[in-house]
Amino acid sequence: MIPSDSQTSQARPGALVAGAPASDSKVSTSSTSAALPSSSLASQARPGARAAVGPAAVGPSSDSKVSTSSISAALPFGATGDGSASATRITPGNALRPEDIALAARTGAAKPGNDVAEYALRLGDDALVLAQRLGHWISRGPELEEDVALGNIALDQLGHARSFLTYAGSAWGKTEDDLAYFRREPEFRSAHLFEQPNGDFAATIARQFIASHYQYELYRRLAQSADATLAAIAAKAVKEVDYHRDHSSQWVLRLAGGTEESRRRMSAALDLVWPYVGELFDDDALTARLDGTAVAPSSLRADFDDLTGAVLAEAELAVPDVPRAPGGGRAGRHSEHLGYLLAEMQVLAREHPGAGW
Amino acid sequence: MAQDLQSAGPDEAGQAYFDRIMAEDSRIEPRDWMPEAYRRTLVRQISQHAHSEIIGMQPEANWITRAPSLKRKAILMAKVQDEAGHGLYLYSAAETLGTSRDEMMDALIAGKARYSSIFNYPAVTWADMGAIGWLVDGAAICNQVPLCRASYGPYGRAMVRVCKEESFHQRQGFEILLELAHGTEAQKEMAQDAVNRWYAPALMMFGPPDDDSPNSKQSMAWNIKRFSNDELRSRFVGMMAEQVKVLGLSLPDPEVRFNEDTGKWEHGPLDWEEFKEVLAGRGPCNAQRLERRREAHENGAWVREAAAAYAAKQAAKRASTAADDLDVRKVA
Amino acid sequence: MVEKSMTPGRDTAAAGGTTAPAAPVPESAPEHTSGLPPQRHGWPLWEVFVRSSRGLSHVHAGSLHAPDAEMALRNARDLYTRRNEGVSIWVVPAEAIAASDPDSKGSFFESPQGKDYRHATYYTKSEGVKHL
Ligand SMILES: [Fe+2]
Ligand SMILES: [Fe+2]
Ligand SMILES: [Fe+2]
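Residue numbers (our numbering), protein chains in the order written: chain A, 1 to 357; chain Y, 358 to 689; chain R, 690 to 821.
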């Protein structure tokens, strides 16, 4: 007889799909995504067009990155598509992790001087405080899909924080956790923007909109830093915050162009956080001393204004005309909000000083 | 509608086909004919399962902001986020049976739907993150691995994805306990206390004893359920009895033993009265859990509406642009 | 031999499709003409297809809700590729998928049955001939 058919549960997209999805290319090349260069997703926004390209899309199989995770090895579920096509094959991927940085520091392969460490501390604290804020959204998002999206962003930020803090700490014989859990409020170097409360979803999006555009411009340049570790952390991070930028821009457009209520909320949220934009671009003695290693914050402002301005224009929102707040985070002077955030974050670790977890 | 009336009547050919699928242990797919009771059972089970994932996020999300190390914070965040995904996969599977996520979510918020009663217990210490991962996710995995072969295709496929993701959940919980058990005296105490509190509720996750589980038989005949509640519970106890030794902790049950005659693991009596009380809404956290879900859902309403309104406007804009283009072509 | 699934890759709420006649619509949802559950908030259902690595087909990964195609792609990225499951994603509105009719089990897939000569294994006399 005919060898038993392997079609059982194969998904054969295309075969039965009547027409490509209605996703219009005009939408995905709106000024928003046009303004986002290396957005890998934008290039996949038109599956129909992709499929038509045919052979051009077929490259050498990148299967050398074999999934060796114990997870897939432990479970008897095979691939379900044609050949090895599968939608559930998982791999840990390959990227710079905080553990790698700690190892490099221990072996003396990469150890920052005091100024570089101080600078890394700023970037790490920004990301840590933001991750702490975003982590609160998980299980509280406006829809389950958004729980997952905000969770991903929080995890990216936490990853950046861990890398920067690990590197900073290596200058002083401290771990990421020593720095995160056992510094007092005035020792934190984060800018005020990041500690602003979550507020409603619009407030979180407004804060994300500013944070991601700022971090994108920063990491894009920092990837060229004379300090190889900072450059490596930034090179990984820039790709992730590029997506954060896209995520927040998409929501700014939707909230501004959605209902009357959402427009009112989006506009109010931008007014609420825009005063904290100014501080992000302040140069000081440390960034001046680190010329070539750090990025001069003021040098990011023009691009930040251009790109955020383009999105706001598309959303038919004005750039908020609000006075800037004085800031002071880089010098350890914080708003009323950080104390609570740290109290919550540090309470358990401080209850058990010296304990391992 | 006419179609519905047609399909409402008995369908002998459909039933015969369905019976053959069951006999051959094959899979039913969404558009196949299926008995109404089968459909209802699946909707109930899959939606309860989805609700459990979503409500189950809360006790652990409660500790994300207080996780005692950044590594643990990342792991916990990823884990709780996974549970949102699991809920989502399962709601999608239930949707293939004709019940919308909205309907299911509304039933949950209205207190009309059930979810695993274990999530109505409070997570009061960090060690609870360990005990939940090890015992609660552990019990869930025991339950879920056989469900990968459930006769309803979309359910089985959702479970394959869920099980792959779950495998790190139990390990991270185990390792939290392992660290604590080898930590300070206070940490060790915290770990034992958490195991003591979560052990019995975890065993009860497998459902009532077989002689008090009226629906089990039918579910097994339908190839939805593959093993009985007691069978799975006994297997689970056996695994925990071994693993707890590695932890250097103990199970709060002196009657756990392997019965040579039956070849099965046995455990002490469980308080099924408490189980029923909690399931009926009288547990420590029932009201709190539902309130939190309701709050998130209602606070998100304006966001969902905004995105829908924006999509509608964009679609209208595209349609009118396309019409303009057409006019231009006609003129030219 | 078991008749294989009549709905390859289709496990969606919209499996009824817009073209399928007499798809069994559950009692609980008699109003779903298209087989789609009502979405009060207007976030439709999308089907997600993931290409796990270059050179392989996109495979159905699951479903999600999203207000539009752009958000559906992003949600799919966040939901279905968190563990490097893919290098490319398609999203398709569930209601845009037309599926074969499960009631035509007997006839729709009968033709290929028994046409052994379409398969190399039919040609036994040439067995053992090298490079053939
Ligand atoms: Fe789960
Ligand atoms: Fe709703
Ligand atoms: Fe889990």
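Hint data in this document are derived by calculation from the structure and do not stem from the laboratory. Be aware that a few hints might be false.
Under 10 angstroms between C-beta atoms, here's a sample of chain Y residues computed to sit facing chain A [stated by the list, open to error]:
id	residue
1	Gly371
2	Ala373
3	Arg377
4	Thr398
5	Lys428
6	Thr482
7	Arg514
Here the structure is a predicted model, which is why all the values come from computation and not from measurement. All residues carry an ideal CB built from backbone N, CA and C; glycine is no exception.
Outcome of the hint check:
no.	hint	result
1	Gly371	21 angstroms, violated
2	Ala373	21 angstroms, violated
3	Arg377	16 angstroms, violated
4	Thr398	22 angstroms, violated
5	Lys428	8 angstroms, holds
6	Thr482	9 angstroms, holds
7	Arg514	8 angstroms, holds
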